[in-house]
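Take these sequences, add in the hints, and give me the full structure.
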Amino acid sequence: MINIVTWNINSINARLPALIAYLKQKQPDFLLLQEIKCLNDNFPKQQISEIGYNALFAGQKAYNGVALISKEPLSNPLFELPNAPEPYQARFIQAETKQKLKIISVYVPNGNPPLKDPENIEKLKYKLSWQKALNDYIHKLINQNESLILGGDFNVIINDNDVYNPEVYKNNALMLPEVRQNMQKLHDLGMINTFKHLHPEGGNYSFWDYTMGAWQKNMGMLIDDILISPNLLQNLKESFIDKQMRGIDKPSDHAPLWTVLN
DNA sequence: ATGGTCGACTCTCGA
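Residue numbers (the numbering used here): 45 to 306.
One or more hints might be untrue.
With a straight-line Cα cutoff of 30 Å, these simulated BS3-like cross-link-like pairs (lysine-lysine) come out [unchecked claim]: (1) Lys146 / Lys287; (2) Lys144 / Lys261; (3) Lys229 / Lys146; (4) Lys184 / Lys167; (5) Lys261 / Lys146; (6) Lys68 / Lys240; (7) Lys169 / Lys142; (8) Lys281 / Lys240; (9) Lys115 / Lys142; (10) Lys146 / Lys281; (11) Lys142 / Lys70; (12) Lys240 / Lys176; (13) Lys229 / Lys184; (14) Lys167 / Lys214; (15) Lys144 / Lys89; (16) Lys89 / Lys287; (17) Lys169 / Lys184; (18) Lys240 / Lys261; (19) Lys115 / Lys169; (20) Lys146 / Lys105; (21) Lys144 / Lys229; (22) Lys184 / Lys115.
Here are the simulated distance ranges between beta carbons [what the hints assert, rightly or not]: (23) Ala58 / Asn189: 38 to 44 Å; (24) Lys142 / Ile95: 18 to 24 Å; (25) Thr255 / Asn275: 37 to 43 Å; (26) Lys214 / Lys176: 18 to 24 Å; (27) Ile292 / Pro244: 27 to 33 Å; (28) Asn57 / Phe123: 17 to 23 Å; (29) Asn306 / Asn262: 27 to 33 Å; (30) Gln260 / Asn120: 42 to 48 Å.
Keep in mind the hints are simulated off the structure, nothing from the lab.
Positions of the beta carbon are idealized from the N, C-alpha and C atoms, including for glycine.
Pasting the structure below:
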């Protein structure tokens, strides 16, 4: 059994006690983090290694940042998405397990605010370019018959039933048709969205905004996903969202999403 | 109950 977890932690240093307690208690094999929001020099590698975990990370100042936390040491790290748009942002990290699984943590650009003012269209364009670069890269790996675990915050509400009120978000960069089409491309390449494959009914969320009492009112959305390559589908056991982590003191606005393979 | 999101950073931006 292999447990893979993705969690947008919204600052690894603000969340460090919760992270350490979570690793100690739940013992995932692989934890994919997003929005660590620190420079590499400020990554808490000592505290993580003290509890028996390895860490690879791609950080930057103040924003973004991704990491791979693992029980086994990982090899062949890649810290940049090939052909990603300029300027560089820390949104991609990949490494390999002993069994030659490629594990990838991504923080896809948010892209808001959409349209309206011309200056801000740049964020949406950056998102679309980044998604295309990811799709091209995954396409290449699938053609090479690699075994892939691709997890992270994709910043896409895939279906209308993945958000409490789709009307509110219909012009939002998380739901725009071209953004959804780029996400659909991963599916068309054969990648399987583990949670949605096992729970197609909708109404399950991984993110609740800090504002509006969104958590208390269950005004959430599903934007965190773990995708696996088609050659791993036979091993897919279960997937679930660990909602209780959104209810802790000083929570991230995202809950961890788990996938179990055998 | 006189509030109302959070985190990083220099005070405003990004989510």
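> If you check each hint against the structure, which ones fail?
Replying inline: Checked against the structure, the hints that fail are numbers 2, 5, 7 and 19, while the rest are satisfied.
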